[in-house]
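**Student:** Listed below are the residues making up each chain.
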Amino acid sequence: MTDPIVLGGADDRDLTKLAEYEAIGGYTQLARARGMEPAALIDAVLASNLRGRGGAFFATGRKWSFIPKPDQNPNPHYLVVNADESEPGSFKDNEIMQRVPHRFIEGCLITAHAVDSKQVFIYVRGEYLEAYEILVAALEEVRGREEIRGDVTIVVHRGAGAYICGEETALIESLEGKRGQPRSKPPFPAISGLYASPTVVNNVETMATLPPIIEMGGAEYAKLGVPDSRGTRVVSISGHVEKPGNYEIENGTSMRELIYGLGGGIPDGRQLKAVIPGGSSTVILKGDEIDVGYDFNSLLKLNTAMGSAGVVALDDRCCMVQLGIRISEFYEHESCGKCTPCREGTRWMTQILRRLESGDALQSELDLLLDVCDRINGKCLCPLGETAAVAVASYVEKFRGEFIAHVEQGGCPFGDSSPLHDVLAPVAMHLHSASSAVPA
Amino acid sequence: MSAVETVKLTIDGLAVEVPKDTGLVEAALAAGIEIPVFCYEPRLGPPVGACRMCLCQVEPGP
Chain A
1 MTDPIVLGGA
11 DDRDLTKLAE
21 YEAIGGYTQL
31 ARARGMEPAA
41 LIDAVLASNL
51 RGRGGAFFAT
61 GRKWSFIPKP
71 DQNPNPHYLV
81 VNADESEPGS
91 FKDNEIMQRV
101 PHRFIEGCLI
111 TAHAVDSKQV
121 FIYVRGEYLE
131 AYEILVAALE
141 EVRGREEIRG
151 DVTIVVHRGA
161 GAYICGEETA
171 LIESLEGKRG
181 QPRSKPPFPA
191 ISGLYASPTV
201 VNNVETMATL
211 PPIIEMGGAE
221 YAKLGVPDSR
231 GTRVVSISGH
241 VEKPGNYEIE
251 NGTSMRELIY
261 GLGGGIPDGR
271 QLKAVIPGGS
281 STVILKGDEI
291 DVGYDFNSLL
301 KLNTAMGSAG
311 VVALDDRCCM
321 VQLGIRISEF
331 YEHESCGKCT
341 PCREGTRWMT
351 QILRRLESGD
361 ALQSELDLLL
371 DVCDRINGKC
381 LCPLGETAAV
391 AVASYVEKFR
401 GEFIAHVEQG
411 GCPFGDSSPL
421 HDVLAPVAMH
431 LHSASSAVPA
Chain B
1001 MSAVETVKLT
1011 IDGLAVEVPK
1021 DTGLVEAALA
1031 AGIEIPVFCY
1041 EPRLGPPVGA
1051 CRMCLCQVEP
1061 GP
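Chains as they are written, first to last, in the working numbering: chain A, 1 to 440; chain B, 1001 to 1062.
Calculated from the structure, these hints are not laboratory results.
Treat the hints loosely; a few may be bogus.
Stated by the list, open to error - Simulated restraints on C-beta separations:
#, chain 1, residue 1, chain 2, residue 2, range
1, B, 1003, A, 176, 33 to 43 Å
2, A, 267, B, 1046, 48 to 58 Å
3, A, 186, B, 1003, 23 to 33 Å
4, A, 152, B, 1042, 15 to 25 Å
5, B, 1057, A, 22, 34 to 44 Å
Stated by the list, open to error - Computed far set for chain B versus chain A, every beta-carbon distance over 10 Å:
#, residue
6, 1025
7, 1033
8, 1042
Quick reminder that beta carbons are idealized off the backbone N, C-alpha and C, glycines included.
Extracted from the complex, chain A is given alone in its bound form (with noise of 0.2 Å):
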């Protein structure tokens, strides 16, 4: 086990304070990337093979190198950064700003010195009021010392409680003051992203990894983890653990050693029935298919991702069934509507298991489901139904008996038993205002 570099010294020190944290060399890596051209600093980040810690693991080097040079584009260049973490079963962002937000600061800019932006936008999810208070400090105490702030602008942007608006495009149009709506692609927001302009967007992780990889230099940081899957994670446990929370972890770490070792396996001898490996959105694993290194290349061969590293785990209490209306709910909840095939899709997914879930539903309803999922699955503008539909079918696959079960009993084998509320929390706690349960 390595040391946390991400969350580093946090245990020991109050590293939401300047002065704290500059004690343990903090913005001295910041001054070192602004004494860098920014094609080193993005060669530094390349070779670090740092990727991209919102879900999608894009190769962060090479997203900034995709930002043109301003003889090809003349427009300012923008630094957009999401903090909007909604994917059930994901909390690392927040920590990550509750606990060491200087880090995560100077690392947004050291990514504007990259991408030679003068703009940053921090878009925090409207519910981490907390994760707020604690940025908007921070960026208090480094408003006052010119040397750190340079000549960059940081906005702190809070959403609304939308999930959609944690899709790059769709943040972007939040950002601007519409209605956060994906926008059909390309232009990608490297070319044309917020206010028409070249930006990168960029996760919280992400940031606060920067200063580590320029502190140990690219070549040093590629040499933790495994092939394809550089560096750390900080990873969310949750559901049926004993002890869950946040583990930062080097990339590769066994599952099972997240679940039954950070995590302290599952209370009251129960078994492990099924684990979520990367948020709501991605493949289910049997509870036997954790032997598998938490890494990308590993959990492409079980077709399922790190997504935004939030692993949950379930027991054998678990109704798949009641599982899959938790999360095709969600969805259907949080669709934008602006595609048809997710805001019809997730509509008839839900109505599909809660029949299947009363005992209504006939055999030939399975294949219903799945086909709907099929409908789904890669003909949207972005891939929040895409997500739903590939979980839920992941469902179906790997627990069928069980789905066959509710048809033949004619209603659900666990009854009302499934403890679900320790997994993911009910789309019904979802829906509120951000004013109302929110103070502004």
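Starting from the structure of chain A, add chain B where the hints point.
**Tutor:** Frame of chain A; chain B shown alone:
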């Protein structure tokens, strides 16, 4: 005057040649094939691509 650059494509077995950057809907129309559209209205601007009524398969795919 330079000649307009064109591309050749086959739609439902019919060969058609259209100017470069022509939309698929217009290209199909040039071949006499109507792809149903709902959210696309040329007078209102570029395609939105949201209702997916025009969804069709393109080979080779990306």
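**Student:** Now, for every hint given, state plainly whether the structure supports it.
**Tutor:** For each hint, the structure was consulted:
no.	hint	in the structure
1	B/1003 x A/176: 33 to 43 Å	40 Å, holds
2	A/267 x B/1046: 48 to 58 Å	55 Å, holds
3	A/186 x B/1003: 23 to 33 Å	27 Å, holds
4	A/152 x B/1042: 15 to 25 Å	42 Å, violated
5	B/1057 x A/22: 34 to 44 Å	58 Å, violated
6	1025	14 Å, holds
7	1033	20 Å, holds
8	1042	16 Å, holds
Violated hints, in rising order: 4 and 5; the structure is consistent with all others.
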